Amino acid sequence: MTVVDLRESPPRERVVGATVRCIARWGLAKTTVDDVAREAGVGRATLYRLFPGGRDALLDAVVAAETAALLSRIRAGVAAASSLEDVLVCCVLEGGAVLIGHEALRYLLAHEPESVLPYLAFDRLDGLLRRVCETGGPLLAPWLGPGDDAARTAEWVARIVLSYALAPSPSFDLRDPESVRRLVRTYVLPGLAVGALSARSCT
Amino acid sequence: MASSSRTRILEAAYACVARAGLTRTTVEDAAREAGVSRATVYRWFPGGRDDLLRQVIAWETARFFLRLADAVDGITDFAEMLEEALVFAHAAVLDHEVLQRVLATEPGRLVPTLTVESDRIRSAIVEFLVPRLAAAPGRRPDVDTREACDHIARLLLSWIGAPGRWDLTDRARVRALVREELLAGILDP
Numbered sequence: 002m003t004v005v006d007l008r009e010s011p012p013r014e015r016v017v018g019a020t021v022r023c024i025a026r027w028g029l030a031k032t033t034v035d036d037v038a039r040e041a042g043v044g045r046a047t048l049y050r051l052f053p054g055g056r057d058a059l060l061d062a063v064v065a066a067e068t069a070a071l072l073s074r075i076r077a078g079v080a081a082a083s084s085l086e087d088v089l090v091c092c093v094l095e096g097g098a099v100l101i102g103h104e105a106l107r108y109l110l111a112h113e114p115e116s117v118l119p120y121l122a123f124d125r126l127d128g129l130l131r132r133v134c135e136t137g138g139p140l141l142a143p144w145l146g147p148g149d150d151a152a153r154t155a156e157w158v159a160r161i162v163l164s165y166a167l168a169p170s171p172s173f174d175l176r177d178p179e180s181v182r183r184l185v186r187t188y189v190l191p192g193l194a195v196g197a198l199s200a201r202s203c204t
Numbered sequence: 021m022a023s024s025s026r027t028r029i030l031e032a033a034y035a036c037v038a039r040a041g042l043t044r045t046t047v048e049d050a051a052r053e054a055g056v057s058r059a060t061v062y063r064w065f066p067g068g069r070d071d072l073l074r075q076v077i078a079w080e081t082a083r084f085f086l087r088l089a090d091a092v093d094g095i096t097d098f099a100e101m102l103e104e105a106l107v108f109a110h111a112a113v114l115d116h117e118v119l120q121r122v123l124a125t126e127p128g129r130l131v132p133t134l135t136v137e138s139d140r141i142r143s144a145i146v147e148f149l150v151p152r153l154a155a156a157p158g159r160r161p162d163v164d165t166r167e168a169c170d171h172i173a174r175l176l177l178s179w180i181g182a183p184g185r186w187d188l189t190d191r192a193r194v195r196a197l198v199r200e201e202l203l204a205g206i207l208d209p
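From first to last, the protein sequence lines are chains A and B.
Position one of the first sequence corresponds to residue 2 (the numbering used here), numbered consecutively onward.
Position one of the second sequence corresponds to residue 21 (the numbering used here), numbered consecutively onward.
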């Protein structure tokens with residue numbers, strides 16, 4: 002699931018794609034700016050012109066590019082959906098696909114967990130969840146009832162994705178659309194119906 | 021007798037971590053603190069320092085969740101028991117000085133071990149929940165008790181670690197959270 006792999010693509014994108022491939026091959030600790038430049042087929046000077054912050058800027062760009070790619074896949078899925086259930090299934094599948102299937106992330110989780118896991122726990126997870134609410138909330142809002150809080154629902158779904166992706170379960174496989182549909186039907190949709198109901202009875 | 025000297029070493033190592041953090045705690049420190057020889061520490065923790073630190077994290081994590089189980093053990097209503105668990109655990113995480121200090125300074129050393137441990141803790145939570153959910157009135161007929169308890173345990177652990185948008189000191193909010201996001205698909209309202 003490489004971001005960009007085309008020889009023709011702009012140098013910036015080529016460098017970001019090359020960074021992902023290097024990390025997937027050697028990990029984060031051993032990947033140098035020189036490795037990335039070689040993999041991308043650009044000079045060291047060009048790379049620093051594109052990313053003046055060097056390695057850190059490169060990693061930020063990778064996270065930004067992967068996040069944008071995930072969001073655009075979710076947007077496309079949501080646009081094609083015809084029910085709230087489909088929308089939620091799409092979000093869980095796409096989120097799960099990145100966490101489970103992304104080649105660089107998979108390498109890091111297996112070999113350098115200390116570089117990833119702290120971002121998925123405690124205060125830093127709160128930060129990630131906040132960003133999920135900001136971007137995911139508006140996507141879900143048109144599909145929810147008047148009593149449901151879209152940002153809250155986005156956060157809830159993100160927690161479910163993170164848990165089942167990072168600690169696989171014998172009951173639910175996030176790579177299997179039918180399994181995800183059962184997860185959404187069993188544990189998420191009923192909560193939304195209640196949410197709408199209780200919010201209405203409060204007002 | 022045997023297990024008590026292991027516990028003594030763990031307690032000593034935990035005291036060292038509380039004082040100096042994970043990175044600066046060595047086998048020598050733990051041995052001195054426990055009043056045993058280095059060889060004794062290696063006998064119980066053959067992997068040396070990494071082994072010892074991993075076991076200390078596992079030990080304190082288990083103790084944390086035993087305190088949580090004690091705090092909610094007497095509550096018979098399933099939903100109320102989960103509410104109390106969230107309120108108690110959230111406060112206990114914030115009050116846990118050693119955890120907070122290590123999280124702030126050495127997250128890369130702590131969180132991977134904690135993540136591995138949380139799989140084991142989740143199984144223990146499931147074992148705790150299964151008989152209680154099985155006895156709870158109003159269970160939806162199509163619910164698989166064990167699967168549902170695993171799902172509940174996953175979300176509990178998620179909220180305990182990172183409350184996100186939820187104020188877990190506000191009992192009315194926690195009540196809504198448990199009833200809507202945890203139990204709606206499992207128990208009839």
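Simulated from the structure, these hints should not be mistaken for lab results.
Just so it is clear, the structure is predicted and the values come from calculations on it, not from any experiment.
We put the beta carbon where it would ideally sit given N, CA and C, even for glycine.
Hints may contain errors.
Just the calculated beta-carbon pair ranges, DEER-fashion [unchecked claim]: (1) B:161 x A:107: 27 to 33 Å; (2) B:143 x A:72: 30 to 36 Å; (3) B:208 x A:124: 49 to 55 Å; (4) B:208 x A:13: 40 to 46 Å; (5) B:195 x A:11: 51 to 57 Å; (6) B:94 x A:82: 44 to 50 Å; (7) A:82 x B:147: 37 to 43 Å; (8) A:73 x B:191: 20 to 26 Å; (9) A:61 x B:94: 48 to 54 Å; (10) A:169 x B:189: 18 to 24 Å; (11) A:172 x B:136: 33 to 39 Å; (12) B:55 x A:39: 54 to 60 Å; (13) A:50 x B:147: 53 to 59 Å; (14) B:185 x A:30: 31 to 37 Å.
*Do the beta carbons of residue 82 of chain A and residue 147 of chain B sit within 37 to 43 Å of each other?*
Holds: the Cβ-Cβ distance is about 38 Å, inside 37 to 43 Å.
_Quick check on a hinted range of 53 to 59 Å for residue 50 of chain A and residue 147 of chain B, using CB atoms only._
holds (58 Å)
*Does the Cβ-Cβ separation between residue 94 of chain B and residue 82 of chain A fall within 44 to 50 Å?*
The hint (44 to 50 Å, Cβ to Cβ) holds, given that residue 94 of chain B and residue 82 of chain A are roughly 46 Å apart.
*Cβ separation of residue 55 of chain B and residue 39 of chain A, checked against the hinted range 54 to 60 Å*: holds (56 Å)
*asked:* Looking only at beta-carbon atoms, does the pair residue 208 of chain B, residue 124 of chain A fall within the given range of 49 to 55 Å?
replied: violated (37 Å)
*Does 18 to 24 Å hold as the CB distance between residue 169 of chain A and residue 189 of chain B, or does it fail?*
violated (33 Å)
_Supplied distance hint 30 to 36 Å, evaluated on CB atoms of residue 143 of chain B and residue 72 of chain A_ = holds (34 Å)
*With respect to the beta-carbon atoms only, verify the hint that residue 195 of chain B and residue 11 of chain A lie 51 to 57 Å apart.*
The hint (51 to 57 Å, Cβ to Cβ) holds, given that residue 195 of chain B and residue 11 of chain A are roughly 52 Å apart.
*Using the beta carbons of residue 185 of chain B and residue 30 of chain A, state whether their distance is inside 31 to 37 Å or not.*
holds (34 Å)
*asked:* Within 27 to 33 Å: is that where the Cβ-Cβ distance between residue 161 of chain B and residue 107 of chain A falls?
replied: Violated, at about 39 Å.
*Kindly confirm whether 48 to 54 Å is satisfied by the beta carbon distance between residue 61 of chain A and residue 94 of chain B.*
holds (50 Å)
*With respect to the beta-carbon atoms only, verify the hint that residue 208 of chain B and residue 13 of chain A lie 40 to 46 Å apart.*
Violated, since residue 208 of chain B and residue 13 of chain A (Cβ atoms, about 55 Å apart) do not stay within the stated range.
The structure is inconsistent with the numbered hints 1, 3, 4, 8, 10, 11, although it conforms to all the rest.
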